[in-house]
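Going down the list, the protein sequences come from chains A and B.
The opening residue of the first sequence carries number 3 in my numbering; numbering runs sequentially from there.
The opening residue of the second sequence carries number 18 in my numbering; numbering runs sequentially from there.
The set of hints was computed from the structure by calculation and includes no laboratory data.
Take the hints with a grain of salt, since some may be wrong.
[To be verified] Mimicking DSS-like on lysine-lysine, the simulated pairs with C-alpha atoms at most 27 Å apart in a straight line are:
(1) A/K162 to B/K35
(2) A/K162 to A/K57
(3) A/K316 to A/K342
(4) A/K316 to B/K71
(5) A/K130 to A/K162
(6) B/K71 to B/K35
[As the list claims (entries may be wrong)] Here chain A is said to cover these stretches of chain B; the calculated rule only asks that three of the stretch's residues, wherever they fall, bring their Cβ under 8 Å from a Cβ of chain A:
(7) 64 to 74
(8) 77 to 90
From a predicted model like this one, the values you see are computed outputs, not experimental measurements.
The C-beta atom is built at its ideal place from N, Cα and C for all residues, glycine as well.
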Amino acid sequence: MNNIALTIDGRSIKAAPGTTVLEAAASLGINIPTLCYLKDVNEIGSCRICMVEVKGARTLQAACVTPVVEGMEVATNTPRALRARRVNLELILSDHPRECLTCIRNQSCELQALAEAMGLREARYEGKMSRHPADWSTPSLARNPAKCVLCRRCVAVCQKVQGVHAIQTMERGFDTVVAPAFHLPLGEVACVLCGQCSLVCPTGAIHERDQVDEVWSALADPERHVVVQTAPATRVSIGEEFGMEPGSVVTGQLVAALRRLGFDRVFDTDFTADLTIMEEGHELIRRIKEGGALPLFTSCSPGWIKFVEHFYPKLLPNLSTCKSPQQMFGALAKTYYAEKMGIPPEKVYVVSIMPCTAKKFEAARPEMNAAGSRDVDAVLTTRELGRMLREAGIDFSSLPEEDYDHPLGISTGAAAIFGATGGVMEAALRTAYEVITGRPLESLNIEAVRGLDGIKEVSVALDGLTLKAAVAHGLGNARRLVELVVQGEVDYHFIEVMCCPGGCIGGGGQSIPTDADIRQRRMDAIYTVDERMALRKSHENPAVQALYEEFLGEPLGHRSHELLHTRYQPRSLYPGRRESR
Amino acid sequence: MPMALEQLSSQLREARLKEVDAVILRHRDRPGALLAILTEIQSSFGYLPEATFKPVAQALGIPVSQIWGVATFYTLFNTRPRGRHMVRLCENAPCHVQGAASVLEAIQRELGIAPGEDTQDGEWGLELVSCLGICGVAPALMIDDQVYGNVRPEAVAAILASHR
């Protein structure tokens, strides 16, 4: 099909059929303001902020849903368009609490930024305000519908990208509210707490449960020995909280910043990511040899775990029994490390820095208490750590690079790539190949499992066995893959699933904004981290080797079983609180 | 007011839910089955009991959240037991301009309830709704299936009485 010729603000442009006026304008460097628009996910023209004038059209058009037409003449900044945008924004603000100073999204709010960019100096409309109660029912996410502008991005991401359908637009007109079925609290429905909604919310209507003050208290308590672990994906995103380019590798500054905050030891979740490869790799080999449930699904991603518990409880035996690296770390910090240091386990307080809101739920699971108390005491998302460091006045970008503490801070490149989709698979294959065949891999980079394709597959010849594996990221893709498994159309041995699009680099607790381009840049950064590591195979991690020698014995041994493995439980798919009464 | 499903004995509840299964079976393969099924459930129960959402969701492969979204969007659906006679008064612009507010006052005076409420004896429920599609005879209201146009406040008592 021929390209379509049109003019925008008097400048000629050719655009492919189907291109929207918004996209065509962007390619000319003209940024039409938007609010409800979320590329490829939510293009519904509901907020009416992107109004433009099209010659010959009776009314203004919403640029995000207006396709280009041959000969079209678009004007983006006429007085009529500008006035309409302001009026529409004022109408949105007429039902928005103006509590910006105390809002969790202060200075990261798109509504606030729009008001600033559009030069709004008054909001003339006063009227009824929506009254919907806030929802603090989950340990991961909080809803505050009073701040909702009904853009529906969260609904779109929950339904179209994740396929979870936990929230939906309810009621109509002024009473419209985004809520779970039966207006139940989020904690009582099949929500996996991935937090993708909080990542796309333009305001403070859905956000992470902030635990910063709990961590400040722990740090101030002289009785506590406070250790911190950092997830692989946070070292390529925390810089964004301080205006650095997406994909900046800031591992050393992250360590330094955490030391400035006063943590007694700065450790790395990458250490237990390497350990996960040892445990999960042996679990896979055992299941193949002894006829256990296959395919084996990875268990690092707590949103994925909760998804299986709600939607596919029959597949629970297929989930690896390995705790996630976060939880393995907590268990070891309060046993192995505490013992080694001669610190009573109850004095050790474990904080983790995670790209993830579901990790807060995972840490609060009652079964995650290897040392008699919670394995992990507090989980801060990337965004919370950003706020904490700003509160402390730490000038992140000027910090020197520092190294992790020993021994729980020693890791390999294989652990770093856990942060990107396909990374766990690649790390597992690097180790499995060498452990099973006894030969070194020719190339450590397993390209087939890298990148942003929704479902990826790979097969590897391992002396007498062709290991078939697959990778999915984003629960919509995961569901498609799981359906193939359930229907018996595929026979993989091993499947990696990451709940969030792109894997943890696109996690629901990551820096805002997170979009396709930013995911790609963080992912590239993750592989840079891997390339720069001296060791790139989990089984070569000397601290992991020492851990087995000194403490655990062998992979899948008795102590591993006690500390590093867990169990799962079926959860209801249909909310049934009132039904069961 | 008929007994709400939630208040029935478990045996009766089971029996009534079996009726829902039959409703679903009758419609499930038709396009747009959801609205037809919800309409029938409502006419049978007087409202949409929460316990009926799960079988509908399972049969149609539609998430419960979406069905609840549909059920709460349409003012003709009740998500809780309501009065035996439902008065639905249009509150949209043309009716407003033509004096719906004073009609509402008259109804409230007669029934002693506000919009969203039901009378203690379970006979009447009152609801404000969006356009009834007869703006030409605004202000308009509906009582059960009967539509009234050009309603004057002073006529309200007689209209209500005709349904008692």
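Here is what the structure says about each hint:
1. Taking the CA atoms of A/K162 and B/K35, the gap is about 33 Å. The hint is violated against a cut of 27 Å.
2. The straight-line distance between the Cα atoms of A/K162 and A/K57 is roughly 35 Å, outside the 27 Å bound, and the hint therefore fails.
3. For the suggested pair A/K316 and A/K342, the alpha carbons sit about 41 Å apart, so the restraint of at most 27 Å is broken.
4. A C-alpha spacing of about 19 Å is found between A/K316 and B/K71, which places the hinted pair at or below 27 Å, so the restraint holds.
5. Proximity of A/K130 to A/K162 is assessed by CA-CA distance (about 32 Å); at most 27 Å being required, the pair is judged violated.
6. Taken as a hint, the B/K71 and B/K35 pair is honoured in the structure, with Cα atoms around 13 Å apart against an allowance of 27 Å.
7. Coverage of the segment 64 to 74 of chain B by chain A holds in this model, with 5 residues showing a Cβ closer than 8 Å to a Cβ of that chain against a need of three.
8. For the segment 77 to 90 of chain B, the assignment as covered by chain A holds, since 9 residues bring a beta-carbon within under 8 Å of that chain's beta-carbons and 3 suffice.
Hint violations for this structure: numbers 1, 2, 3 and 5, all remaining hints satisfied.
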